[in-house]
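Residue numbers (UniProt numbering), protein chains in the order written: chain A, 1 to 167; chain V, 1 to 388; chain P, 1 to 478; chain S, 1 to 90.
These are computed hints drawn from the structure, not numbers from a lab. Please read all numbers here as calculations on a predicted model, not as lab measurements. Cβ coordinates follow ideal geometry from the N, Cα and C atoms, glycine included. Be aware that a few hints might be false.
As the list claims (entries may be wrong) - Straight-line alpha carbon distances no greater than 35 angstroms define the calculated DSBU-like cross-link-like pairs of lysine-lysine that follow:
#	chain 1	residue 1	chain 2	residue 2
1	P	K52	P	K27
2	P	K265	A	K131
3	V	K3	V	K32
4	A	K9	P	K452
5	V	K362	V	K148
6	P	K53	S	K59
7	V	K148	V	K32
8	P	K471	S	K33
9	S	K71	V	K184
10	S	K33	V	K32
11	P	K471	S	K62
12	P	K103	P	K216
13	P	K471	P	K452
14	S	K33	V	K156
15	P	K216	V	K296
Unchecked claim - Beta-carbon label-pair distances, calculated as ranges:
#	chain 1	residue 1	chain 2	residue 2	range
16	V	D279	P	P319	34 to 40 angstroms
17	A	R164	P	E86	39 to 45 angstroms
18	P	G139	A	R164	52 to 58 angstroms
19	A	V68	P	K332	51 to 57 angstroms
20	V	L277	S	R58	55 to 61 angstroms
21	V	E376	S	R58	25 to 31 angstroms
22	P	D111	V	D178	55 to 61 angstroms
23	V	P222	P	F109	33 to 39 angstroms
24	A	P109	P	G42	23 to 29 angstroms
25	S	R58	V	G187	52 to 58 angstroms
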Amino acid sequence: MSEIPDYLKRGYITPGELFSIIPKPSEDRLRERPVAVPECPQEIPCAPCREVCPTGAINMPTPNDLPVVDYDKCIGCSLCVQVCPGLAFFMVQYVGDRARITMPHELLPLPERGETVVLLNRAGEPVGRGKVVTVVPREKSRGDTPIITVEVPMELAWDVRAVRVEG
Amino acid sequence: MSKIAVIGGGIIGVATAYELAKLGEDVILFEKNYFGSGSTFRCATGIRAQFTDGANIRLMKYSVERWERLEEELESEIGFRQTGYLFLATSEEEVEAFRANVRLQNRFGVPTRLIDMAEAKEIVPILNTEPFLAGAWNPKDGKANPFKTLFAYLRKAREMGVDAREHTPVIGLEREGDEITAVKFGGNGGMESIKVDAVLNAANAWAPLINAMAGLRPDLVPIIPYKHQLVKTEPLEGGQVEPLVCPPSWNDAYIIQDGEDGGIICGAGIEHEAKSLDDYEPTYDFLRGVLRYAVKIAPPLRYAHVVRQWAGFYAKTPDRNPAIGRLLDNLYIAAGFSGHGFMMAPAVAEAMAELISKGRSKVPLDWEWYDPYRFERGELRTGAFQIG
Amino acid sequence: MRLTEHPLLRFERGREVTIYFNGRPIKAYEGETIATALHAAGIRALNYSVNKKRPRGLFCAIGKCSSCLMVVNGIPNVRACITPVEDGMRIQPQHGRARLPEKAKPPEFRDAKVVRADIVIIGGGPAGLMAAIHAADAGASVALLDENPRLGGQLIKQTHKFFGKREQFAGVRGVEIAKILSEELRKRENVQVFLETSAVGIFQEKDEKLVFAVRKNREPVEFRGRAIIVATGAMERSIPFENNDLPGIYGAGAIQTLMNTYGVKPGDRVLIVGAGNVGLILAYQLIQAGVEVKAIVEAMPKVGGYFVHAAKVRRLGVPILTRHTILRAEGKERVERAVVAQLDGNWKPIPGTEGTFEVDVIALAVGLRPSIELLQQAGCGVRYVRELGGHVAVRDGWMETTVRGIFVAGDSAGIEEATTAMLEGKIAGIAAALRLGIAGEEWLKEIEGAQKALDEFRSGPFGRHVLEGIKKAMVVGG
Amino acid sequence: MAGKRIVCRCNDVTAEEIEALIDSGVTDIEEIKRLLRVGMGPCQGRTCLPIVIGILARKTGKRLEEIPLPKARVPVRPVRVEAITGGADE
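Let's have the full structure, built from the sequences with the hints guiding it.
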């Protein structure tokens with residue numbers, strides 16, 4: 001029983017837990033361009049992220065291994081966010097005093113570029129408001145999943161993982 | 001007090017164990033599988049005195065009288081209801097034959113009478129009257145719940161000290177001269193043996209195997225298992241086919257509403273000799289065949305859903321009458337019921353218990369008619385009409 | 001209650017018709033079931049039970065649980081969940097056991113239609129479709145039958161993307177996989193497909209295997225072949241808790257059917273019981289359909305399904321209460337609230353921890369078990385194997401059961417995933433063709449390839465558990 | 001409405017009734033099935049039998065593997081009589 005990781009007890013992972021499993025991208029790297037961060041801490045048989053990555057940045061010897069991103073090879077193309085069946089890939093980029101988070105959004109309505117949305121953390125709690133800076137609708141997504149990028153206050157960079165569109 | 005082993009945990013064995021305990025005997029009952037697993041729990045629930053020969057009519061008239069008091073005696077609900085049997089004639093010749101049967105049955109005090117189709121329709125509201133000319137109707141016939149009846153007997157038997165064991169196969173009999181001295185049986189991994197004063201073979205389809213254990217020829221009492229199949233519909237409100245309804249000329253097809261859940265049970269004489277004593281495989285020809293008869297008897301049945309088809313054994317003797325009596329000094333048999341074990345059980349159990357315990361019985365059972373040695377002597381009875 | 005827009009699905013409804021519930025006209029669309037139309041009109045109680053006269057409603061939505069029996073045009077015991085609406089239908093709730101109509105003519109008997117094929121495949125889900133495609137490619141003639149109006153099995157309700165490798169359709173939504181496989185199948189000329197056709201029994205008649213089936217609950221069909229592949233999928237489990245039969249308590253699959261097949265919202269506020277993959281995926285689908293999910297309760301101390309599925313619903317605000325169970329449902333004729341409690345280390349509710357959720361739907365996602373009725377009826381050996389979800393047929397590495405010529409694949413062989421179902425289907429399809437001497441030896445390689453892919457898929461912690469089970473279900477060993 | 005834990009919807013059998021029968025000494029699944037008619041209704045035991053087996057295992061200390069699953073019978077789903085005989089109106 002003691003072996004059960006806390007994230008399986010509550011259904012979400014904390015940044016601390018996540019970065020005990022995979023390395024955290026450096027601040028320099030985060031400022032350079034968007035970087036893919038998989039929140040996929042469990043060995044499950046799944047490999048589309050590795051298969052889609054154009055630079056081979058995702059290290060995963062067998063489909064049952066955890067995806068580990070080589071942040072230097074990652075070009076920030078967001079294909080992994082689009083294809084991940086578990087909707088577990090996100091991209092993070094630091095821009096000035098803000099952070100940009102790219103995430104899947106398979107709900108209606110899909111926000112529009114420039115729209116202000118409610119920011120939700122991993123437990124679904126509203127933690128602030130942010131502006132949508134890009135939207136890739138379903139038709140343009142490689143993985144049939146719409147993705148959006150929202151700009152959030154820097155301190156929320158590792159908390160915000162979903163949004164609520166108030167329409 | 002004698003030690004008596006009863007082999008076979010079907011209705012005959014369980015009821016006889018109860019009757020023996022009532023007479024003060026020390027009874028051990030063996031069932032190789034679970035109680036009722038052989039033929040009892042697979043039967044069509046019917047009980048009737050409408051037979052075509054004196055011996056069976058007399059026995060069943062007495063049995064029905066026992067059934068009438070059984071619930072009270074066993075202090076359990078057993079679902080016995082006198083909803084009648086309705087035989088239907090499709091030709092003038094058959095009407096004549098019915099008339100003769102009615103006379104015979106009336107002579108023994110069974111109140112069967114000939115009825116017209118208007119009356120038949122009142123009794124069975126969904127009956128198709130068109131193909132039939134008349135009915136033979138005995139309102140005293142009926143049905144009971146085999147599960148509840150067997151367990152009611154069992155409960156009482158145990159209360160009276162019967163050591164009833166299921167999942168306990170008998171694997172051998174020790175015989176000295178014309179006497180069985182001990183019963184060997186299996187159980188939890190081992191073999192045990194128990195000294196006995198008398199043994200009843202109530203194993204029905206399995207009875208020849210028990211006889212062989214006693215050193216008797218298996219075909220001394222030739223019992224052959226025939227798969228008798230039934231099909232049942234989902235539950236329906238009662239009152240639509242309460243009696244057993246049977247046009248004998250349609251391959252003995254019949255329908256009867258289960259007294260418990262109202263599902264309609266459909267049977268027919270489409271039979272197959274079982275390939276083995278665990279061949280309960282239902283067959284496709286029966287499924288199609290029986291339902292074609294059933295919807296012709298009661299056309300609204302076409303809209304009912306079938307939920308189950310199953311097979312049990314008619315443990316048949318050559319004359320379709322059971323073998324009831326003494327085989328050796330202290331080995332008895334009540335087996336080969338050819339589909340009538342459930343309905344005959346109250347009477348046969350009482351008679352058999354008295355025979356074993358006292359050497360004679362007051363039950364109107366014609367011992368000569370059911371003599372287990374009659375096959376060896378080549379004296380077959382007129383075949384009993386075999387609708388369950 | 002009808003969905004008009006959905007982030008992933010589009011609903012094409014048939015012609016509008018009118019049905020009458022207790023004389024009251026109700027709008028319905030051709031192609032949907034009676035239960036769907038009634039549900040869309042807010043009707044939950046479909047009948048009253050036989051002994052205790054308890055209200056009952058939809059539960060399984062696939063014609064198995066008999067919780068939705070109604071009187072339709074005077075005929076009782078009609079399963080509202082699988083019977084399509086027809087214009088002018090008169091529908092009444094059934095009160096306990098019902099009477100047959102008194103007037104009817106005997107039918108004019110017609111013999112069953114006979115369909116012959118080398119291999120008869122029962123079930124058109126992922127396993128059955130792959131079996132059919134590969135058996136056909138290996139040279140066998142195939143007859144495939146399925147109970148539903150569409151091919152794809154449970155895939156047609158699955159809006160999420162599948163795991164695995166891309167060659168195994170990873171990253172493709174279940175609904176799309178169903179389309180791809182159905183189109184593949186239809187390209188093959190040696191395959192006959194029979195929809196709305198239920199297998200009701202398997203009989204051996206001399207050298208021939210007979211699958212007796214009925215089409216639309218009306219027409220008998222005899223499928224006669226030399227081999228049978230049973231790919232009948234799974235059934236949902238239920239659990240006993242107080243008032244677990246109230247209308248508004250549904251199996252997860254029933255909700256998916258209502259919502260994703262027919263575009264009808266199951267309700268407004270839902271409590272889900274079970275945080276396995278089914279419960280987690282259902283929660284996400286409910287949110288996509290605009291339904292509020294109040295919470296997911298899970299008796300285990302952890303999420304049983306994949307973490308990523310849990311994370312998806314957590315970040316949309318759905319609490320997952322591990323070590324909790326449902327104590328009871330409350331409500332008169334339908335669910336009005338659910339009472340849950342925390343469990344101690346011995347799975348006993350801890351007094352004082354009760355909490356109430358105001359919900360109109362309780363979804364049961366407490367596990368699946370293999371649908372093995374046909375296999376068992378046909379005489380195949382079965383064993384209880386916990387890791388595979390219950391009783392399963394004993395089989396060999398080629399998915400052949402203890403009855404020669406009867407094969408099994410997919411969830412009916414053990415609860416796993418669509419990906420493994422497809423691979424098992426491929427193996428069974430080719431193996432059946434090999435056994436019949438139709439396929440050449442070159443097909444052995446294909447079986448080996450599929451076996452290797454299965455091994456790879458099952459090499460993780462989830463798969464290792466399944467492998468333990470499969471060992472127990474093998475002919476040798478067990 | 002009084003709280004009931006329904007195991008068998010077809011015949012309205014509760015978990016309490018099953019537990020009471022087992023306590024009275026009936027521990028063969030086939031006997032429980034017939035005496036309470038669980039699994040004998042129109043659902044043919046699809047939902048209830050696994051639960052009954054679970055209760056039986058818990059009460060008797062048996063493993064689930066040791067309790068035989070009652071036989072499935074033809075037809076494996078309820079079918080209209082006229083769909084078997086042939087000749088239903090179209």
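Structure-based check of each hint:
Distance check on the hinted pair: K52 of chain P and K27 of chain P sit about 32 angstroms apart at the alpha-carbon level, within 35 angstroms; holds. A distance of roughly 31 angstroms separates the Cα atoms of K265 of chain P and K131 of chain A; the hinted pair therefore holds under the 35 angstroms criterion. Taking the CA atoms of K3 of chain V and K32 of chain V, the gap is near 20 angstroms; set against the 35 angstroms cutoff, the hint holds. As the CA atoms of K9 of chain A and K452 of chain P are separated by approximately 33 angstroms, the hinted pair is consistent with the 35 angstroms bound.
Distance hint between K362 of chain V and K148 of chain V is fulfilled; the C-alpha atoms sit about 27 angstroms from each other, no more than 35 angstroms. With a C-alpha separation of about 29 angstroms, the suggested pairing of K53 of chain P with K59 of chain S holds against the 35 angstroms cut-off. Distance check on the hinted pair: K148 of chain V and K32 of chain V sit about 20 angstroms apart at the alpha-carbon level, within 35 angstroms; holds. Only pairs whose Cα atoms come within 35 angstroms are accepted, and K471 of chain P paired with K33 of chain S is accepted, the gap being roughly 31 angstroms.
Restraint check for K71 of chain S and K184 of chain V: the C-alpha separation of about 30 angstroms stays at or below 35 angstroms, so the hint holds. Proximity of K33 of chain S to K32 of chain V is assessed by CA-CA distance (about 19 angstroms); at most 35 angstroms being required, the pair is judged to hold. Taking the CA atoms of K471 of chain P and K62 of chain S, the gap is about 22 angstroms. The hint holds against a cut of 35 angstroms. Between K103 of chain P and K216 of chain P, the direct Cα distance comes to roughly 23 angstroms. Compliance with the 35 angstroms bound is thereby established for this hinted pair.
A hinted pair counts as satisfied when its Cα atoms are at most 35 angstroms apart, and K471 of chain P with K452 of chain P qualifies at roughly 16 angstroms. Proposed proximity of K33 of chain S and K156 of chain V is supported: the alpha carbons are some 21 angstroms apart, at most 35 angstroms. The straight-line distance between the Cα atoms of K216 of chain P and K296 of chain V is roughly 23 angstroms, inside the 35 angstroms bound, and the hint therefore holds. In this structure, D279 of chain V and P319 of chain P break the distance hint of 34 to 40 angstroms, their C-beta atoms being roughly 56 angstroms apart.
For R164 of chain A and E86 of chain P, the hinted distance range of 39 to 45 angstroms is satisfied, since their beta carbons lie about 43 angstroms from each other. Distance hint for G139 of chain P and R164 of chain A: a CB-CB separation of about 56 angstroms, consistent with the stated range 52 to 58 angstroms. Take V68 of chain A and K332 of chain P: their Cβ atoms lie about 55 angstroms apart, and the range 51 to 57 angstroms holds. With their beta carbons about 34 angstroms apart, L277 of chain V and R58 of chain S fall outside the hinted range of 55 to 61 angstroms.
Roughly 54 angstroms separates the CB atoms of E376 of chain V and R58 of chain S, a value that falls outside the hinted 25 to 31 angstroms. Between D111 of chain P and D178 of chain V, the C-beta spacing of about 58 angstroms keeps the proposed range 55 to 61 angstroms intact. The hinted window of 33 to 39 angstroms between P222 of chain V and F109 of chain P holds, with their beta carbons roughly 38 angstroms apart. A hinted range of 23 to 29 angstroms for the beta carbons of P109 of chain A and G42 of chain P is consistent with their spacing of about 26 angstroms.
Restraint check, R58 of chain S to G187 of chain V: a C-beta distance of roughly 25 angstroms breaks the suggested window 52 to 58 angstroms.
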